[in-house]
Amino acid sequence: MARFAKARFALVLVGSQALAIVAAALVGAGVWAALGPEERSALAAGVMERGPLLVGLGIGLLAGYGLLVWVLVQQHLAAPLALAQGTRLITHGNASHRLEPLGGAELRELADAINALAAEHETLGGELEARVAEAQQRLGEERDRLAAIVAEASQAVLVCNLEGRILLYNLKARELHGRATDGTSPDGGAGLVGLARSVFVILERALVAHALETIQARLEKGAQRPVASFVTAGGGRLLRVHVSPVLRGGRATQEASDPAPRGAGTSAITGFVLRIDDVTRPLQAGSRTEAALQALTDASRRALANIRAAVETLLAHPGLEAERRAAFVGVIHDEASALSATLDRAAPELTSLRAEWLLENMQGADLLSAARSRIEGTLGLSTTLDEIDPGLWLKVESYSLVRAVVSIGSRLQRRGVRELRLALRPAGRRAHLDVTWSGADVPTEIIARWEDDPPDVDGEPMAPTLRAVVERHDGAVWSQGDRPSGPGFIRLVLPVAEAEQAPLASPVTRGRPEFYDFDLFHQPGQTPELDERKLTALEFTAFDTETTGLNPSDGDEIIAIGAVRIVNGRLLHQEAFEQFVDPGRPVSQETVRITGIDPALLRDKPPIEEVLPRFHRFCEGTVLVAHNGAFDLRFLQLKEAVAGVRFAHPVLDTLLLAELIQPDLPPTGLEGIAERFGVPVLGRHTALGDAIMTGEIFLRMVPLLRARGIETLREAREASQRTWAARLEY
Amino acid sequence: MKKRILIADDEPNIVMSLQFLMEFEGYEVRTAADGETALQILGDFRPDLVLLDVMMPKRNGYEICQVVRETPALAGIKVVMLTAKGRDIDAEKGLALGADSYVTKPFATKELVATVKALLGDA
Numbered sequence: 082m083a084r085f086a087k088a089r090f091a092l093v094l095v096g097s098q099a100l101a102i103v104a105a106a107l108v109g110a111g112v113w114a115a116l117g118p119e120e121r122s123a124l125a126a127g128v129m130e131r132g133p134l135l136v137g138l139g140i141g142l143l144a145g146y147g148l149l150v151w152v153l154v155q156q157h158l159a160a161p162l163a164l165a166q167g168t169r170l171i172t173h174g175n176a177s178h179r180l181e182p183l184g185g186a187e188l189r190e191l192a193d194a195i196n197a198l199a200a201e202h203e204t205l206g207g208e209l210e211a212r213v214a215e216a217q218q219r220l221g222e223e224r225d226r227l228a229a230i231v232a233e234a235s236q237a238v239l240v241c242n243l244e245g246r247i248l249l250y251n252l253k254a255r256e257l258h259g260r261a262t263d264g265t266s267p268d269g270g271a272g273l274v275g276l277a278r279s280v281f282v283i284l285e286r287a288l289v290a291h292a293l294e295t296i297q298a299r300l301e302k303g304a305q306r307p308v309a310s311f312v313t314a315g316g317g318r319l320l321r322v323h324v325s326p327v328l329r330g331g332r333a334t335q336e337a338s339d340p341a342p343r344g345a346g347t348s349a350i351t352g353f354v355l356r357i358d359d360v361t362r363p364l365q366a367g368s369r370t371e372a373a374l375q376a377l378t379d380a381s382r383r384a385l386a387n388i389r390a391a392v393e394t395l396l397a398h399p400g401l402e403a404e405r406r407a408a409f410v411g412v413i414h415d416e417a418s419a420l421s422a423t424l425d426r427a428a429p430e431l432t433s434l435r436a437e438w439l440l441e442n443m444q445g446a447d448l449l450s451a452a453r454s455r456i457e458g459t460l461g462l463s464t465t466l467d468e469i470d471p472g473l474w475l476k477v478e479s480y481s482l483v484r485a486v487v488s489i490g491s492r493l494q495r496r497g498v499r500e501l502r503l504a505l506r507p508a509g510r511r512a513h514l515d516v517t518w519s520g521a522d523v524p525t526e527i528i529a530r531w532e533d534d535p536p537d538v539d540g541e542p543m544a545p546t547l548r549a550v551v552e553r554h555d556g557a558v559w560s561q562g563d564r565p566s567g568p569g570f571i572r573l574v575l576p577v578a579e580a581e582q583a584p585l586a587s588p589v590t591r592g593r594p595e596f597y598d599f600d601l602f603h604q605p606g607q608t609p610e611l612d613e614r615k616l617t618a619l620e621f622t623a624f625d626t627e628t629t630g631l632n633p634s635d636g637d638e639i640i641a642i643g644a645v646r647i648v649n650g651r652l653l654h655q656e657a658f659e660q661f662v663d664p665g666r667p668v669s670q671e672t673v674r675i676t677g678i679d680p681a682l683l684r685d686k687p688p689i690e691e692v693l694p695r696f697h698r699f700c701e702g703t704v705l706v707a708h709n710g711a712f713d714l715r716f717l718q719l720k721e722a723v724a725g726v727r728f729a730h731p732v733l734d735t736l737l738l739a740e741l742i743q744p745d746l747p748p749t750g751l752e753g754i755a756e757r758f759g760v761p762v763l764g765r766h767t768a769l770g771d772a773i774m775t776g777e778i779f780l781r782m783v784p785l786l787r788a789r790g791i792e793t794l795r796e797a798r799e800a801s802q803r804t805w806a807a808r809l810e811y
Numbered sequence: 005m006k007k008r009i010l011i012a013d014d015e016p017n018i019v020m021s022l023q024f025l026m027e028f029e030g031y032e033v034r035t036a037a038d039g040e041t042a043l044q045i046l047g048d049f050r051p052d053l054v055l056l057d058v059m060m061p062k063r064n065g066y067e068i069c070q071v072v073r074e075t076p077a078l079a080g081i082k083v084v085m086l087t088a089k090g091r092d093i094d095a096e097k098g099l100a101l102g103a104d105s106y107v108t109k110p111f112a113t114k115e116l117v118a119t120v121k122a123l124l125g126d127a
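Line by line, the protein sequences are chains A and B. Residue numbering for the first sequence follows this note's numbering, beginning at 82 and increasing consecutively. Residue numbering for the second sequence follows this note's numbering, beginning at 5 and increasing consecutively.
Treat the hints as calculated values from the structure; they're not laboratory data. No experiment lies behind these values; they were computed from the predicted model shown. Check the hints yourself; a few may be wrong.
[Unchecked claim] Taking beta-carbon pairs under 10 Å as the criterion, some of the chain B residues facing chain A (in silico):
1) M20
2) S21
3) L25
4) E40
5) V71
6) G80
7) K82
8) L86
9) R91
10) L101
11) D104
[To be verified] Away from chain B, derived, C-beta distances all over 12 Å, residues of chain A:
12) Q155
13) E223
14) E393
15) L424
16) G509
17) A529
18) G650
Glycine included, each C-beta is placed from N, C-alpha and C at the ideal position.
Hey, can you work out the whole structure from these sequences and the hints?
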């Protein structure tokens with residue numbers, strides 16, 4: 082800029098002086114042309130005579146003019162440029178810089194004004210920074226507080242994004258699933274709950290999806306805080322799961338005058354919170370109590386009926402012969418004694434109330450449309466709904482109920498039914514859910530048998546029978562085959578709930594949740610090909626195996642698997658997998674010497690076909706990392722058939738990556754590479770120790786790979802392949 | 005001709021009382037202790053009314069009620085269901101499947117007799 086100003090100054094100076102000389106020459110030439118010959122010679126003589134004086138005068142004039150231009154340029158061109166530079170410095174660099182007063186009075190005033198502005202800018206900036214720092218601190222505190230609340234919670238808590246990746250969990254969640262999924266091995270089971278892992282490894286996806294659909298449907302109707310819950314069985318336990326949505330908070334700024342509040346637009350679900358209780362014991366107690374109560378009631382009714390009939394016969398017929406009379410008295414005595422015994426047996430069981438909490442309120446119309454979409458979706462069976470009163474709410478466990486209806490549909494379809502009709506009508510304290518059809522011959526006794534057959538949809542062996550589902554609702558089921566007088570139907574009688582309060586008409590601005598604010602929901606999913614993702618954004622499982630020898634095809638077997646997860650560039654030591662394996666064959670002295678594993682220790686360990694499925698679940702959705710991975714993978718792959726799993730995960734090999742990064746150094750073992758990359762060598766020759774070391778080495782490689790232009794998984798794999806090929810050529 | 009009643013219940017202690025009461029009222033009575041037998045006797049004996057316990061071995065009372073209602077040869081037989089199941093939903097089911105009356109145990113014998121007589125037009 083300064084250079085530009087000087088150039089401009091020189092240009093102006095030279096240009097204007099040249100102009101002055103040309104002007105003077107033109108005036109001279111004009112005068113010269115107007116003169117006669119004598120006058121011309123007289124003038125020439127005069128000019129020649131005073132020549133030095135005239136030249137001096139000309140130079141003096143030019144110099145004076147130059148000085149004048151220089152002063153003007155300083156004041157009006159250079160000074161503003163200096164001000165501009167100073168101002169830029171204030172804006173972009175140093176907010177406490179101030180301008181020197183320069184140039185004319187006007188410019189000095191401008192400098193003062195800019196300085197005043199700069200002072201205000203600096204104060205505001207300082208305040209803003211302080212406020213940001215304060216807000217961040219508060220956010221940090223809130224986050225810590227939330228983490229503390231979650232950690233202390235007596236329930237298992239899992240926060241997940243919409244894809245079901247776990248963003249936050251507490252100890253209870255780990256414990257629960259450690260036991261729930263695999264009672265025998267707390268190490269492998271607990272590893273299933275971890276940051277960024279899929280929650281669908283431990284909970285059935287369909288159940289969670291169903292709960293979210295229910296919530297979404299209620300949100301669209303304007304419900305304020307919809308939650309859903311279900312009960313699921315796993316590992317011999319019953320878990321009650323409450324699902325509440327995490328809603329996007331920022332967009333709830335609807336115009337207050339908007340007369341039609343639309344929940345859907347302002348409340349997109351971005352994730353969900355699962356609260357899980359282990360209800361195995363309460364539920365078992367509940368159903369025992371219920372059964373005992375039912376048995377007691379039935380037994381009492383029977384016994385009393387018999388006694389009463391006998392007594393009333395005796396009373397009504399006083400003249401009965403002695404033998405008959407004795408028989409009736411005998412009946413009374415027998416029945417009364419039996420009733421006493423029944424009461425004594427039942428009393429201890431009758432300590433709690435029925436397990437009614439299994440049921441939740443649901444709008445009848447929602448239930449039927451859920452059933453219809455499942456029937457049409459899974460069976461392709463055309464289904465029509467009769468009009469349903471929107472004020473009809475049921476008290477139901479919707480998942481198993483919908484499944485029961487789908488199962489009915491599936492059976493009818495196999496009997497030739499082409500179209501179903503679903504209807505729901507109130508009937509006192511209960512409602513009738515009718516599945517109706519016509520035009521197919523389905524005998525009554527066949528339908529009656531369906532009540533006790535397990536439903537045959539989804540291939541779930543644990544699914545309750547139609548009768549069990551209905552009894553859970555304190556309801557009943559009856560049916561009628563096709564007759565000339567009318568169509569066939571199956572009627573489920575279900576309890577009616579009190580209608581939930583309809584949402585008010587005024588739009589409610591939904592604030593952000595009060596006690597936390599995570600950025601965790603922005604994690605990208607696994608669905609776009611892993612290959613295109615950056616190494617820094619992937620999840621890895623670094624693993625290692627110990628084996629009885631080096632030749633898997635000659636019968637050498639795995640004796641230990643160790644693995645550790647890497648998420649978001651961190652090695653998660655607490656989410657480790659370590660399992661010894663019974664190799665089912667002797668372990669060589671050499672192996673014992675290297676690994677320090679006592680063969681006796683392996684005798685009561687599970688076989689590989691039990692361990693591999695658990696390891697497979699542990700590394701679901703991740704990229705495998707191993708040192709000399711080809712060796713470990715060969716062992717794994719030879720066992721795929723017996724274990725019934727397949728390891729199709731992408732694999733990165735730290736041995737190949739090391740060659741990629743340092744091609745000039747000779748290949749070496751894990752220990753040598755660890756030293757090269759500055760990773761401490763600890764716990765060598767234990768599977769978990771080596772897995773952790775491999776993971777640490779890999780983490781240090783990622784930035785070095787990036788420096789070589791290798792950022793995505795695909796790039797890393799392809800580069801590894803080239804290295805591999807290059808090695809083979811030697 | 006005497007009107008005929010079938011008593012189907014697997015508990016001899018109540019069958020004894022019911023049989024005595026019905027015979028005293030002048031009806032011809034046969035008894036069955038399970039569902040299969042009840043169905044046989046229904047065909048052979050062709051009663052005017054059946055006292056039907058819900059919980060019986062082999063075929064339960066609901067099934068037998070449905071058979072009676074679906075079989076033209078058995079048309080017109082009155083069905084009185086007896087049950088120790090106290091839930092109103094069970095009564096609803098019995099009536100929905102075609103029972104003429106549904107009596108929950110325990111009951112007053114006088115009222116049962118009155119119900120039977122009313123159904124048979126002997127009141």
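>> Of all the hints numbered above, which does this structure not satisfy? Sort the numbers upward.
In response: Violated hints (numbers, rising): 4, 6, 7, 11, 14, 16, 17; every other hint is consistent with the structure.
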